[in-house]
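There are 2 protein chains.
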Amino acid sequence: MMDLGAYINELGTKARKAAIEMARVDSATKRDALMRIAEAVEKHSGQILESNARDLAAGRAASLNEAMLDRLTLTEKRITAMARAIAEIADQPDPVGEVEHSVIRPSGIRVGRMRVPIGVIGIIYEARPNVTTDAAALCLKAGNACVLRGGKEALHSNVALARVVSETAAGAGLPPDAVQLVGVTDRETVALMAQAEGLIDVIIPRGGEALIRSVVAAAKVPVIKHYKGVCHTYVDADADLDMAQKICFNAKVQRPGVCNAMETLLVHEKIAGAFLPPLFAQYRQAGVSLRGCSKTIEIDSNVLRATEEDWYAEYLDLILAVRVVSSLDEAIEHIRMYGSAHTDAIVTRNIQAAERFVREVDSSSVMVNVSTRFSDGGEYGLGAEIGISTDKLHARGPMGAADLTTTKWVVTGDGAIRQ
Amino acid sequence: MMDLGAYINELGTKARKAAIEMARVDSATKRDALMRIAEAVEKHSGQILESNARDLAAGRAASLNEAMLDRLTLTEKRITAMARAIAEIADQPDPVGEVEHSVIRPSGIRVGRMRVPIGVIGIIYEARPNVTTDAAALCLKAGNACVLRGGKEALHSNVALARVVSETAAGAGLPPDAVQLVGVTDRETVALMAQAEGLIDVIIPRGGEALIRSVVAAAKVPVIKHYKGVCHTYVDADADLDMAQKICFNAKVQRPGVCNAMETLLVHEKIAGAFLPPLFAQYRQAGVSLRGCSKTIEIDSNVLRATEEDWYAEYLDLILAVRVVSSLDEAIEHIRMYGSAHTDAIVTRNIQAAERFVREVDSSSVMVNVSTRFSDGGEYGLGAEIGISTDKLHARGPMGAADLTTTKWVVTGDGAIRQ
Chain A
55 MMDLGAYINE
65 LGTKARKAAI
75 EMARVDSATK
85 RDALMRIAEA
95 VEKHSGQILE
105 SNARDLAAGR
115 AASLNEAMLD
125 RLTLTEKRIT
135 AMARAIAEIA
145 DQPDPVGEVE
155 HSVIRPSGIR
165 VGRMRVPIGV
175 IGIIYEARPN
185 VTTDAAALCL
195 KAGNACVLRG
205 GKEALHSNVA
215 LARVVSETAA
225 GAGLPPDAVQ
235 LVGVTDRETV
245 ALMAQAEGLI
255 DVIIPRGGEA
265 LIRSVVAAAK
275 VPVIKHYKGV
285 CHTYVDADAD
295 LDMAQKICFN
305 AKVQRPGVCN
315 AMETLLVHEK
325 IAGAFLPPLF
335 AQYRQAGVSL
345 RGCSKTIEID
355 SNVLRATEED
365 WYAEYLDLIL
375 AVRVVSSLDE
385 AIEHIRMYGS
395 AHTDAIVTRN
405 IQAAERFVRE
415 VDSSSVMVNV
425 STRFSDGGEY
435 GLGAEIGIST
445 DKLHARGPMG
455 AADLTTTKWV
465 VTGDGAIRQ
Chain B
55 MMDLGAYINE
65 LGTKARKAAI
75 EMARVDSATK
85 RDALMRIAEA
95 VEKHSGQILE
105 SNARDLAAGR
115 AASLNEAMLD
125 RLTLTEKRIT
135 AMARAIAEIA
145 DQPDPVGEVE
155 HSVIRPSGIR
165 VGRMRVPIGV
175 IGIIYEARPN
185 VTTDAAALCL
195 KAGNACVLRG
205 GKEALHSNVA
215 LARVVSETAA
225 GAGLPPDAVQ
235 LVGVTDRETV
245 ALMAQAEGLI
255 DVIIPRGGEA
265 LIRSVVAAAK
275 VPVIKHYKGV
285 CHTYVDADAD
295 LDMAQKICFN
305 AKVQRPGVCN
315 AMETLLVHEK
325 IAGAFLPPLF
335 AQYRQAGVSL
345 RGCSKTIEID
355 SNVLRATEED
365 WYAEYLDLIL
375 AVRVVSSLDE
385 AIEHIRMYGS
395 AHTDAIVTRN
405 IQAAERFVRE
415 VDSSSVMVNV
425 STRFSDGGEY
435 GLGAEIGIST
445 DKLHARGPMG
455 AADLTTTKWV
465 VTGDGAIRQ
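The listed protein sequences correspond, in order, to chains A and B.
At position 205 of the first sequence the residue is numbered 259 (our numbering), and the sequence of numbers has no breaks.
At position 299 of the second sequence the residue is numbered 353 (our numbering), and the sequence of numbers has no breaks.
Careful: at least some of the hints might be erroneous.
As the list claims (entries may be wrong) - Computed list of lysine to aspartate or glutamate pairs in EDC-like fashion (alpha-carbon distance at most 16 Å, straight line):
#1 B:K300 x A:D468
#2 B:K71 x A:E387
#3 B:K282 x B:D145
#4 A:K274 x B:D445
#5 A:K68 x A:E251
Honestly, the hints are just simulated from the structure, not real lab data.
One chain only, chain A, in its complex shape:
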């Protein structure tokens, strides 16, 4: 039997050595390596698709559901999109080496904060093979090494992708162990990675709430994560109702299965009677099931009664919870109580209401007059995203390459001594 502890320890030790080398690699080499990786992924699409076909066959035999099979499926088109994402990351400015606020102090020393790689990033994810290339590319761009642990359903696809990435990286002058995939899928490896203190600097889990809770429960290494996205849209008394209708429809219906889709709609009581009936009609046409508070049911008696659990629910489906509130304060309080600090939006023409909402709603993304669906690294200009954080420290919201760096103080002088 394989000694999994020794195996993860070996990957981590190699990653740590690779990270030291990666921190020395210059920007041009990193950019060039990523461009070559993008090309190589497209060039090897045949063998990647063959590996993916094995995963899909095994997945069908194991009766995976359609949504899971869809996430697992690679096509020529999806591989092209993956390659394009890598090339986009290659073309971003290098976050490493930037010095912020370099100043000369009264003592004569010069003090600044330099952006540097974090070191070794552990990524734990589920069935989507594109995470393998996205995560590897972002980690390399930021000068890190990474240890990737994908879901067992995608093992053959991930092995094929990781081999293309690491062989191409090594051919382009990066350390061969800068990208390593955990080659076994025993559940135990998740906990072992999360406990690899001194070898892995941070773990970023991507996937369902159960996976993420299991990582956090086991972790000794810092974890950056979000558990779920219970996103709210609050339609204020002063909202432009046409705009609000478009935003609310988009936020719920455009792609209901993702974490930035709206799950709860809050509506000010002054405009609820005028606003909700036409919106509900539109939702019903799109197949959305509605669950509401008593005031919502007074407006539309066909709405199901929402339970306390509905306010906490991340449906990831065509279901919406609706609550009529009597004030902006009540809306903010509802979001504070039931929200997940992911993404929450207000629709209003009132600048004071917008300012208060932005200031007082303590979520990683706070929005005014836009759809919550914009909460995304690509839409924010980060290129691909490595994940979304609802934590308080280090990074919040969609995280790009710069969030995979940290800083160190650089102090220079001409013989200065402390008096």
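With the hints as your guide, set chain B onto chain A.
Relative to the frame of chain A, chain B by itself:
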């Protein structure tokens, strides 16, 4: 018997409520409140000194050592210095509300990152009463609430100080529970604070390694910390030897009991024979005990032989470990292996050596041609410091008020929906 769990839960719940209010307080009110707190601390120096006298009497009765009693002692002069530190923090720019990199994206949305308070900060510390006012002032400046847990030796002093701070804060329009002191000193309260998930957002422990390890072992809340400061100075082959001698003397001798004092001196073999004898003579005059590698002992046979433990040691005393190395690489490797990622310096006239040292030494402060003693929030321009981090995430090195903030994404638009 007191239910300590319920007590910490109550403090945390009050702090959470106060944090919501603190986040709304404008800059002028925070500045004014801190200025009034600075004045009040000086004005109430009589009763603060009386409380301190009770702690000192108890400390002497308990046979605390002189260093501990010194850290515990307040005087009129020290209280004035504490008040001045609060006033300096008051006068700093408010870190909250600043928006970084606000840009308009192709979709038409405007995206920026706004600096916001973290929420509730827990500070766990030992015998120094000045931490009470420093920490409270920095937390308030950054719009946070805090829960302070000082050492049992300083309880009366801390109660007196915290009362002045929180009563003055409340009188100046801040929430009365923004600054709370844990009023009991049972050891259990440390673990209870470190486990107060959802109530305390981050714990910053300040003190000896044993305290910090006990906090980390118990913690479910994120902890920002450093365990110890094993600071190195590397004197390169191309160093200006006069400058190097002044720096090395200052780094070891000027204040040996603090975390940024040099503990290990690394010297290039080319200049060791010329450099070490006069420096050692100077050290011996200052009472420094020397422990060296075999090459050091070849140069000076009166140096004690260093053991493996010496390279890991944080002496906090007039003791120095000395190693002669054959290259910059060996120096960097030594620091990587034995260092604590606190503060490490190179002395050299060679720009390539300096650049490589800065890039490859992965410490929270990296220095060129200055004494490690400069690693300090005040010297870096942060005003007082809340602590020093050698962690990889969120903050590294000395931390000021801005390190007690986080960011959120603010997205605004005019009805934008995702296509």
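Right, here's what the structure says about each hint:
Using a Cα cut-off of 16 Å, the hinted pair B:K300 and A:D468 holds, with the two alpha carbons roughly 11 Å apart. For the proposed pair B:K71 and A:E387, the alpha carbon gap of about 12 Å is at most 16 Å, so the pair holds. As the CA atoms of B:K282 and B:D145 are separated by approximately 31 Å, the hinted pair breaks the 16 Å bound. Distance restraint check for A:K274 and B:D445: the Cα-Cα separation of roughly 13 Å lies within the 16 Å cut-off, and the hinted pair is therefore satisfied.
Proposed proximity of A:K68 and A:E251 is supported: the alpha carbons are some 14 Å apart, at most 16 Å.
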